[in-house]
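Please construct the entire structure, taking both the sequences and the accompanying hints into account.
Quick note, the sequences are listed as chains A and B, same order. Numbering follows UniProt numbering, in which position 90 of the first sequence is assigned residue number 90; successive positions increment by one, without gaps. Numbering follows UniProt numbering, in which position 75 of the second sequence is assigned residue number 75; successive positions increment by one, without gaps.
Because the hints were derived from the structure by calculation, they are not lab data. All values derive from a computational prediction rather than experimental measurement. It cannot be assumed that every hint is accurate.
[As the list claims (entries may be wrong)] From the structure, some residues in chain B lie toward chain A, with a derived Cβ separation under 10 Å: (1) Pro19; (2) Asp24; (3) Ala40; (4) Lys128; (5) Asp133; (6) Phe134; (7) Asp165; (8) Val168; (9) Val204; (10) Glu205.
Cβ coordinates follow ideal geometry from the N, Cα and C atoms, glycine included.
Residue-level listing of the chains:
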Amino acid sequence: MSLLKEPPPGVTVDVDQAHTKLTEWVVHMEGAPGTLYEGEKFQLQFKFSPKYPFDSPEVIFVGENIPIHPHIYSNGHICLSILTEDWSPALSVQAICLSIISMLSSCKEKKRPPDNSYYVKTCSANPKKTKWWYHDDTV
Amino acid sequence: MENNQTADSEETKSCEYDPNVNQDELIMAQEKQIAEEIKANIAMVGELDDLSSLEREYSNDPVYFSKVATLLPKFSNVRRTRPDGNCFLRGFIFAYLEYCIYHREELTRFKQYLEASKEELFEMGFPKFTTEDFNDMFMEVVTDLEGSGSIDRVEAIINDAGTSDYLVVYLRLLISAHLQKNAEFFSFFIEGGRTVGEFCKQEVEPMYRECDHLHIVALTAALGVGVRVMYLDRGEGSSVVSHDFPEDKDPVIHLLYRPGHYDILYKA
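Now the structure itself:
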């Protein structure tokens with residue numbers, strides 16, 4: 001849809017896969033030039049429930065390269081308020097991608113969240129089952 | 001005494017933190033269960049009830065009971081809404097569409113406003129693909145009411161989750177747009193060191209976020225629709241305080257506020 005026609009820079013949808021299963025998409029994303037992630041390639045997986053758009057999609061990083069970032073856990077889970085608490089049905093996939101790119105772009109130091117090893121061991125496979133604490137909007 | 005202590009310690013034991021159980025999942029499961037119960041038992045907008053039903057509700061509460069009594073000569077009926085954080089918006093749009101059915105010129109005006117609002121939202125950077133979808137649904141509803149418009153139809157529309165939630169989302173976008181257009185003014189009323197934009201992302205655009213004073217000021221100003229809210233609370237005095245939004249407009253909708261919740265009132 002609009003993401004196919006006018007995607008944010010560095011973003012493409014895996015069309016073949018989206019065609020086989022409409023409720024599951026993979027989006028390819030490139031680190032923006034001039035940022036710590038320049039030249040890196042990532043994959044984001046979107047899962048849509050039957051309640052979408054009133055229920056947010058489940059969005060995680062998948063594949064070999066999970067961005068090293070203070071809000072991204074090594075299992076691909078992302079701590080971003082619009083994906084749970086602050087989800088609005090008016091947010092498009094495009095808007096989510098833009099938020100994630102901007103989160104990556106404003107990062108000043110590549111590191112994992114401080115509670116990464118504990119969280120990855122204890123969390124559910126679905127990040128929406130975590131009650132996230134959002135505290136830091138600066139990175 | 002001793003019995004009490006045993007009971008206490010047992011209770012503490014059953015609530016003890018179990019590291020093998022995912023606490024987040026427990027909390028969320030419980031929140032979900034409460035929401036599901038409300039959903040199963042209370043219609044999004046209920047049937048027309050006699051105002052005396054409010055008196056019965058407070059037969060054991062002298063403060064509320066005497067305040068409800070002062071509402072009785074002015075209002076005859078109440079329609080209860082589901083307490084899910086969308087109650088103001090659902091109550092508002094129900095009462096407004098009901099008003100429009102009896103005032104067709106207002107329905108025409110509202111339709112023109114809706115049509116124009118879409119472009120304005122696009123210009124302000126709201127996601128086109130989704131915004132259009134919500135606007136389309138609203139236009140469909142208004143067009144439908146232009147034709148067959150009856151109160152039964154409004155009841156059916158607002159109690160159909162698929163439709164009703166779309167209308168609620170679009171009203172949230174209209175509020176957000178109005179707040180952001182007048183950000184300089186509204187910034188003085190926002191708590192917690194947040195910008196107007198951040199406030200909209202956190203408190204306006206997400207579903208189920210309760211509507212406060214600011215939301216109501218913005219919505220009524222954006223739509224140019226007068227709302228009178230009757231505040232039923234434990235505040236001083238024996239009468240119910242009312243407030244008109246916007247102040248200079250004759251109210252066409254009356255809502256009853258009780259801490260954290262809005263229902264629709266009907267004039268006698």
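Hints numbered earlier in the text: which of these fail when held up against the supplied structure? 3
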